[in-house]
Structure formats: structure tokens, C-alpha cells
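One line per chain: the protein sequences are A and B, in this order.
Each residue of the first sequence is one higher than the one before, starting from 1 at the first, in this note's numbering.
Each residue of the second sequence is one higher than the one before, starting from 1 at the first, in this note's numbering.
Calculated directly from the structure, the hints in this document are not laboratory data.
The beta-carbon is built from N, C-alpha and C at its ideal position, and this holds for glycine as well.
Some hints could be false.
Here are the simulated lysine-lysine pairs, DSS-like style, with alpha carbons at most 25 Å apart [stated by the list, open to error]: (1) A:Lys216 with B:Lys183; (2) B:Lys3 with B:Lys30; (3) B:Lys343 with B:Lys371; (4) B:Lys267 with B:Lys378; (5) B:Lys371 with B:Lys115; (6) B:Lys286 with B:Lys276; (7) B:Lys98 with B:Lys223; (8) B:Lys115 with B:Lys286; (9) B:Lys49 with A:Lys46; (10) B:Lys98 with B:Lys286; (11) B:Lys378 with B:Lys343; (12) B:Lys3 with A:Lys435; (13) B:Lys98 with A:Lys429; (14) B:Lys3 with A:Lys433; (15) B:Lys276 with B:Lys343.
Footprint (simulated), chain B over chain A, 3 or more residues, beta carbon under 8 Å [claimed, not checked]: (16) 2 to 12; (17) 32 to 45; (18) 175 to 188; (19) 394 to 400; (20) 432 to 443.
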Amino acid sequence: MVFSSLYFLFAYLPIVLLIYYLTPLKWRNLVLLAFNLIFYGWGEPKYILIMFASIAIDYTHGMLVARCQEKGDDRGARRAVASSVIFNLGLLFFFKYWDFIAKSLAAVGLGFMPVLGIRLPIGISFYTFQTMSYTIDVYRRDARCQRNIVTFGTFVTLFPQLIAGPIIKYKDLDDQLEHRTHSPEQFAAGVQIFVVGLAKKVLLANNLGMLWDAYKAMPTEQLTVVGAWLGVLAFSLQLYFDFSGYSDMAVGLGRMLGFEFSPNFNYPYISKSVTEFWRRWHISLGSWFREYLYIPLGGNRVSRPRLLLNLLIVWAATGIWHGASWNFLLWGLYFGVLLVLEKFLLLRRLEKLPAVLQHIYALFLVLVSWAIFAVEDFGHLGQYLAAMFGGAQGGLADGAFGYYFRSYLPTLLVSCAASLPLGARLWGKLAEKPKQILLPVLLLAGLVFSTAYLVDATYNPFLYFRF
Amino acid sequence: MDKRYGIFLSGAFCAFLGVFLVAGAVTPDKTFSPLENRNLQQLPAPSVKTVLSGQFMSDFETYVTDQFPGRDSWMDLKARTERAVGKEENDGVYFCTKDTLISRFDPPDAATVSKNLGYVDQFAAKAGVPVYFSLIPGAAEIWSDRLPAGAPNASQKAILDQAAASIQNARMYSTYDALEAHKGEDIYYRTDHHWTSLGAYYGYTALMDALDMEPVPLTDYQKTTRSTEFYGTIYSSSGVRWVAPDTIDTYVPDTGITVTSYTYDSKGVPVEEARKLYDTSFLTVKDKYSMFLGGNQPLAVVRTSHTDAPKLLIVRDSYTDSLVPFLTAHFSEIHLVDPRYYKLSVADYIRKNGIDEALVLYSVPNFTSDKNLVWLTK
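Based on the sequences and whatever the hints tell you, model everything.
Here it is in C-alpha cells:
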């Protein structure tokens with residue numbers, strides 16, 4: 001199930017909220033667990049079994065780690081952690097990477113792995129990471145072992161952030177799973193965030209997506225230089241509003257149910273360097289890789305060659321996490337190289353430049369990265385990048401560019417403005433009274449227009465099927 | 001935020017969701033949307049099988065969208081919003097000058113086009129009678145000057161040229177030239193994908209030319225306006241509700257003409273059904289173009305009073321419905337075959353029914369996407 005759909009908004013959500021709040025406090029996790037499973041099984045009922053397996057196996061491993069530690073058996077505890085990591089990575093590997101590896105090997109003449117045609121279980125990259133961090137944290141004594149399987153199952157399957165993040169660590173949610181508070185103020189704050197997220201996804205991202213799709217599908221002989229940039233700009237904004245919109249909806253839904261999730265995006269496009277961009281983009285993923293991969297590899301307290309290797313590993317993993325395809329690996333390594341360059345050479349020099357040049361520098365590199373991200377086929381990618389850098393077969397611009405530019409200019413301007421903290425800053429300056437009057441009006445407008453666009457849902461993709 | 005305001009905001013949000021949930025649940029479901037000319041999804045009943053396969057879920061999603069309270073008004077709001085934010089198309093339909101809606105013509109699948117051309121040629125080779133062939137360009141081609149500046153629009157002329165170059169056995173003639181010469185007239189509907197009776201008349205003159213026959217001058221006919229309230233298929237698919245309706249005219253009187261439709265009932269028994277050249281009962285419903293011959297049918301025979309005139313067979317799409325009236329002056333029988341529904345051998349049919357000449361006539365958008373022309377080779 002996805003949030004940006006009529007059946008979610010006008011059937012699933014009101015029913016969940018109604019039953020959830022009619023249920024006494026101590027049964028709410030059970031109710032939530034049941035609804036989580038419906039949410040997950042909606043798109044592919046068979047894969048509910050993965051959920052059951054994940055709950056049972058990670059629950060058992062958490063208990064094993066805790067029991068070994070009680071007995072002072074560190075080796076046993078380590079073994080249990082290793083076993084949990086192997087299970088989760090195995091799950092991810094099998095469902096997400098098996099076919100990719102099989103096909104890649106077959107392409108170089110090593111076709112010993114059969115291509116199984118596996119349909120990727122939605123959200124698997126998110127929840128395997130979440131459950132993996134649980135056992136690790138129990139071992140590190142950063143998290144308590146959860147002995148109630150319903151509570152634990154609620155964590156594993158929690159529908160607001162199940163399929164598209166943010167990636168939440170058990171230790172951050174532990175208290176809330178058992179004693180969360182519910183208040184109208186919190187619910188209303190959730191509504192606010194949710195509607196903003198919905199509008200970002202339905203009104204901005206979906207529209208920008210149509211512009212990008214036009215350029216992505218365009219035969220290379222028709223591509224123009226400015227057209228190629230327009231296309232990649234549209235994709236950059238689409239992905240941001242789609243992904244951050246989804247995260248906002250998750251945070252908002254969480255609050256409606258009494259949970260507090262940390263925000264996942266912090267205006268990434270105002271960054272002045274690639275390093276800063278990654279502190280502002282998909283924050284929960286960056287923090288996960290830092291905590292569970294980069295630091296265990298030795299962090300930055302290692303020799304310089306080792307540090308370079310560690311960074312390369314982390315960014316190759318980050319890249320391939322985004323999808324089982326070579327372009328994602330390339331995309332991750334592209335950032336890995338840029339971050340290394342910034343760390344050792346560029347950052348100090350960049351800081352001396354005027355701010356506007358720093359912004360241009362960062363945006364330029366990020367835009368190029370999105371071309372690598374969005375175009376999977378290397379041949380096509382090469383032609384697209386060539387078009388961006390002057391080698392367009394269709395020349396500098398053409399009539400179609402004029403058409404698209406004209407048609408999408410208002411959407412692009414609104415989207416660019418909405419990717420800046422400008423709106424939030426202006427909102428903050430408003431007095432309490434006008435705010436209270438304006439807020440319901442804006443929220444209603446967001447809901448009404450989003451509904452209209454969903455009723456006429458000709459274009460409403462879910463971008464994270466690859467994640 | 002204080003508590004009372006929080007309750008107000010939360011309540012308002014839940015009320016918004018709840019109103020449509022309840023309204024959707026209590027309003028009776030519609031079975032058919034005349035506006036969109038399609039059946040609407042009904043509430044699916046879950047079963048173990050449909051839930052496990054996911055069929056129930058996808059039907060339920062369609063159900064919620066199809067039966068959403070105020071569906072048409074929401075579509076209207078969306079289309080108006082799109083226009084307000086500077087868009088010049090909605091759901092694949094361009095907002096054109098002269099109050100016209102035109103569907104975008106995307107580059108067709110090259111393999112389908114060359115396959116379909118091949119089927120026509122094979123049919124011409126085995127039909128046993130002269131086979132004429134023409135493609136009718138759509139409004140996106142002839143009225144391309146009405147499109148928004150620079151709007152992406154694939155060339156239909158290129159398809160015509162490709163057909164002219166590859167067809168060996170059929171006698172190709174150009175409908176394009178006749179329409180292009182009259183592009184300033186109302187030859188297409190502004191809200192529908194078909195040509196008007198006037199457009200069909202020019203198509204008819206091109207065919208008469210190819211057949212070496214003399215077309216009846218348009219001035220010999222009296223124009224009859226059948227409807228001034230016609231909103232066609234593009235109006236439906238565009239969501240655009242701000243254009244003026246079209247007018248449906250006819251020229252040829254239907255006296256002395258009988259139309260018989262041949263089909264099969266649900267048990268496979270052949271059924272004959274009397275139809276009319278102009279079935280005016282359709283003028284009271286949304287789908288007014290079906291006034292011509294009563295809409296889609298696998299096989300129809302139009303019989304005229306010119307019993308000594310030749311017999312013509314047309315393999316066709318719905319553009320031919322409004323062309324047929326003009327042909328009644330020249331043929332004793334006109335047999336209409338639609339391969340979307342007629343799956344028997346057309347060559348056999350020609351032999352058994354003493355057909356003198358055959359015509360394959362399609363609009364470019366239909367011809368380039370049709371998957372049924374393969375039946376012609378039977």
C-alpha cells in the first residue's frame with residue numbers, strides 16, 4: 001500500500017485511526033501490528049511471510065544475545081549477532097541482488113546462477129536495516145532486549161515508515177513502543193506534516209516526474225543541451241519532493257499514532273558542498289551507514305590508505321543499496337570520490353569562495369549525480385551526459401524545449417522555492433493569530449487539490465520499488 | 001498550539017477523510033460512466049484466491065477511484081488547476097486554439113506499423129478482388145497549427161509515406177491530400193477523435209477519385225443538424241470541461257437504406273439485428289457519434305436501392321461509420337468488417353458474398369496501434 005492513494009487516504013487511514021483510538025492503550029500495539037500486516041500484504045500478500053520470518057528470527061536473536069550476555073558468554077552473543085546479520089543480509093541479498101548478480105555473471109559468460117525473476121518485496125532495504133541494527137544495539141547494550149513479541153513485531157512492521165523510511169533504529173523507538181503519549185496537539189502536528197508531505201508528493205513530485213519522463217524517453221537524436229538539463233533538474237526536484245514527501249507523511253502518520261520520528265531531510269539543495277549535501281539528504285540512511293558500517297570499519301582513526309578504502313566501501317554500499325544495478329554503484333562511488341576529494345583537498349578552499357559559487361558547485365555536482373542515478377542503461381547514460389555537456393544531437397534548444405519549459409515553469413518555480421527554507425522562515429515570522437486562521441485553510445487546500453490529482457491518477461509512481 | 005486548537009485541527013482532518021469514506025459507502029455504486037464511456041469497477045468480494053493473488057486488492061483500488069464521490073467534479077478541478085498553472089495539456093490531450101482538444105500522437109511502435117502494413121498487403125494479395133487502401137490522418141496532423149507551440153507531436157505524414165512506399169498489392173490512395181486541402185473547414189470534431197460528416201465527405205471524394213467514380217457534389221445535399229450538444233471522446237479523456245460542444249451534421253438522406261448487423265449471442269448463435277444509417281436514439285445519450293450505424297459491430301451490411309450497382313466491402317474502424325452515408329449513392333451493398341470483433345476469414349467472405357471491390361480504411365492512430373489486423377491474413 002502507498003500513502004498517496006485514495007484507498008489509503010479514504011479507507012485504510014480513517015479506519016485505522018478510528019479502531020486504534022477506540023482500543024484501550026494496552027491493546028494498541030496488537031491492533032497496530034494487525035493493520036501493519038494488512039498494509040504490507042496489500043501489494044503482495046505472499047510476502048507477509050517475510051514479515052513473520054523477520055519478526056520471529058530477529059526477536060529470537062535479540063533474546064539469544066541478551067541471554068548470552070546475562071551468562072557472560074560474549075562469544076555466544078557475538079555469534080548470535082553474526083547470525084542475525086547473516087539472516088538479514090541474506091534476505092536482502094536473495095530478494096534484491098540474486099537476479100542482478102546472476103545476470104551480471106551470465107553477461108561475462110559465467111551463467112551458473114539461474115535467474116529467478118524475483119519480485120522485490122517492497123521496503124525490504126528499509127526493514128532489514130532496521131532489524132539488523134536491533135540485534136547489534138542489544139549486543140552493544142545500546143538497546144534493551146524486547147521480550148514482548150507483539151511489541152517487537154509492531155516495531156518491525158510499523159506501517160508509517162515500513163516501505164520508504166526513514167530508517168528508524170530500535171533504540172530510538174523503544175520507549176515509545178511501550179509508553180507513548182497521545183494528545184490532540186501531537187495529532188494535529190502530525191496532520192500538518194502529513195498534508196505537507198502529501199502535497200509535495202502528489203502536487204509537485206508527480207508533475208515534475210512527467211517532465212522528467214518526457215526527457216528520459218526522448219530519443220537521443222532529439223535531445224538538446226538545455227533540454228537535457230531541464231530534464232535532470234525536473235528529476236532532482238521530483239526525487240526530493242517524492243522522497244521527502246514520503247518521509248514527511250511517515251513522520252506525520254507516526255505522530256498521529258503517538259510516535260516521534262526524526263526528520264529525514266533538511267533542505268538538501270541549499271548545501272554548499274557535497275559533504276553538506278549528505279548531511280541533509282536521507283539523514284537516517286547516512287547515519288545508519290556511519291554507525292553500523294563506517295565506524296565498525298575503524299572510522300577515521302585509521303591510516304590514510306585504510307581510510308580511503310573504508311570510505312570507498314561505505315559509498316559503494318550506499319550506492320548499491322539504492323538499487324540492484326550498476327548505475328547505482330557508480331552513483332555511490334561518484335559521491336565517495338567527491339567526498340574524499342572534499343575531505344582532503346577541496347573543503348578548505350571552497351570555504352574561501354563566495355557563497356553563491358559554493359552553491360553552484362554543490363548543485364552542479366548533485367545534478368550530475370542524479371543523471372547517473374536516473375538513467376540505468378550505461379549507453380543511454382553516456383548519451384544523456386554528453387547531451388548535458390554540449391554533445392546534444394538536437395542542438396542547443398528546440399520547440400519541444402520551449403513547450404516543456406513554458407508548461408512547467410510555474411511548477412518548477414514553486415518547486416525551487418519549496419526546496420528552500422524560505423516558506424518555513426516566513427511562516428515562523430507570522431503572528432499566532434493569522435497562523436491559526438491560515439493553517440486550516442492551507443491544509444484544506446492541500447488535501448482538496450491532492451485529492452483531485454489522485455482521482456485523476458494517471459501518473460503516480462512509487463520510486464522506491466528499487467530500494 | 002493549545003489543546004482546543006489541536007482538537008479542532010485533528011477533528012477537521014478526520015472529518016475530511018471520514019466524509020468521503022462515508023459518502024462513498026452510502027451512495028449507490030454506479031455501473032457505467034457515460035462521460036468516460038466505460039463500465040466502472042464494482043465492489044469486489046474477497047475470496048481466498050483473489051486475496052492471495054492480489055486481484056482483490058487491485059480491484060478494490062480501482063473501485064475506490066472509480067466510485068469516488070464527485071469523481072467528475074474532481075477531474076474537472078484537476079484539469080482546471082493544470083491550466084491555471086500553465087499546462088497546455090491534461091491526460092495526453094492538448095488544449096488547442098479555436099476551442100479544440102486534440103489527443104497527443106506519440107511515435108507509434110515501428111514493429112506494429114510494419115506488421116500491420118504487411119497484413120494489409122497479404123490480404124490484398126489473396127482477396128481476389130481489387131483492394132483499395134487508405135489511412136486517415138487525425139486532427140493532430142491536419143490541424144497541427146492549432147496545437148500549442150512546440151508541442152511534441154509525432155508525424156502521421158511519415159506513416160502515410162511509409163505505407164505508400166511499402167504497400168505492393170493494394171491500391172493506395174491519399175485521404176491526406178483531400179483533408180489537407182480543406183483544413184480550414186470543420187472537418188474534425190473539436191472534442192472527439194473522429195472526422196465530421198464534412199471531413200468524411202472529403203475522404204469520400206478521395207475514394208471516388210481512386211475508384212474512378214464521380215462523387216455527388218456536396219451542394220446536392222441538404223445539411224441536417226442532428227445535435228448541437230455533442231461532447232466526444234477527447235472531451236471525456238481530457239477532463240477538460242470548459243470547451244463548447246460540437247455539432248453533428250448529416251448530409252445524405254437515409255431513405256430506402258437498410259442496415260443489418262450480424263453478430264453472435266452469448267451462446268454463439270448467429271443473430272441478425274436491424275440497425276439504421278442514423279440511429280437518432282443515440283442523440284439523447286453521451287455517446288452521440290454512435291448515431292452513425294448504431295456504433296461498433298463485428299459485421300454490418302448496408303443495402304441501398306441501387307440494386308444494379310457494385311458491392312463494396314470495407315475493413316474499417318469507426319471513422320467509416322460517418323463515411324458510409326456518402327457511399328450509399330454508388331453501391332448496392334456495403335459490407336463493413338471490423339477485425340476487432342470479426343475473426344473469420346475476410347477473403348472467404350468476399351468470395352461467398354460476391355463482393356466487387358474491397359477497401360481497407362483506418363485512421364492513422366488506430367492503424368498504428370491495432371493488434372487485430374492479423375485476422376485479415378486468414
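* To do: Decide if the proposed pair is consistent with the structure: Lys267 of chain B and Lys378 of chain B, CA atoms, cutoff 25 Å inclusive.
  => Between Lys267 of chain B and Lys378 of chain B the Cα gap is close to 24 Å, so the pair holds against 25 Å.
* Under the criterion that the straight-line Cα-Cα distance not exceed 25 Å, is the pair Lys286 of chain B, Lys276 of chain B satisfied? -> holds, 18 Å
* Asked: Does the structure keep Lys371 of chain B and Lys115 of chain B at a Cα separation of 25 Å or less?
  -> Holds - the C-alpha atoms of Lys115 of chain B and Lys371 of chain B are around 9 Å apart, at most 25 Å.
* 25 Å Cα cutoff - pair Lys98 of chain B, Lys429 of chain A -> violated, 47 Å
* Asked: Between Lys216 of chain A and Lys183 of chain B, does the CA-CA distance stay at or below 25 Å?
  -> It is violated: about 34 Å lies between the C-alpha atoms, which goes past 25 Å.
* Counting residues of the segment 175 to 188 of chain A with a beta carbon closer than 8 Å to any beta carbon of chain B, are there 3 or more? -> Result for this restraint: holds, n = 6.
* Asked: For the segment 2 to 12 of chain A, does the count of residues with a C-beta closer than 8 Å to a C-beta of chain B reach 3?
  -> holds (count 6)
* **chain B over the segment 394 to 400 of chain A, status - at least 3 residues with CB closer than 8 Å** => holds (count 3)
* To do: For the pair supplied as a hint, Lys115 of chain B and Lys286 of chain B, confirm whether the alpha-carbon distance does not exceed 25 Å.
  => Between Lys115 of chain B and Lys286 of chain B the Cα gap is close to 35 Å, so the pair fails against 25 Å, i.e. violated.
* For the pair supplied as a hint, Lys98 of chain B and Lys286 of chain B, is the alpha-carbon distance within the 25 Å limit? -> The hint holds at about 23 Å.
* Asked: Hey, Lys49 of chain B versus Lys46 of chain A, does the alpha-carbon distance stay inside 25 Å?
  -> holds, 12 Å
* Straight-line alpha-carbon gap Lys3 of chain B to Lys30 of chain B, limit 25 Å -> The hint is violated at about 42 Å.
Of the hints listed earlier, those the structure fails to meet are numbers 1, 2, 8, 13, in rising order.
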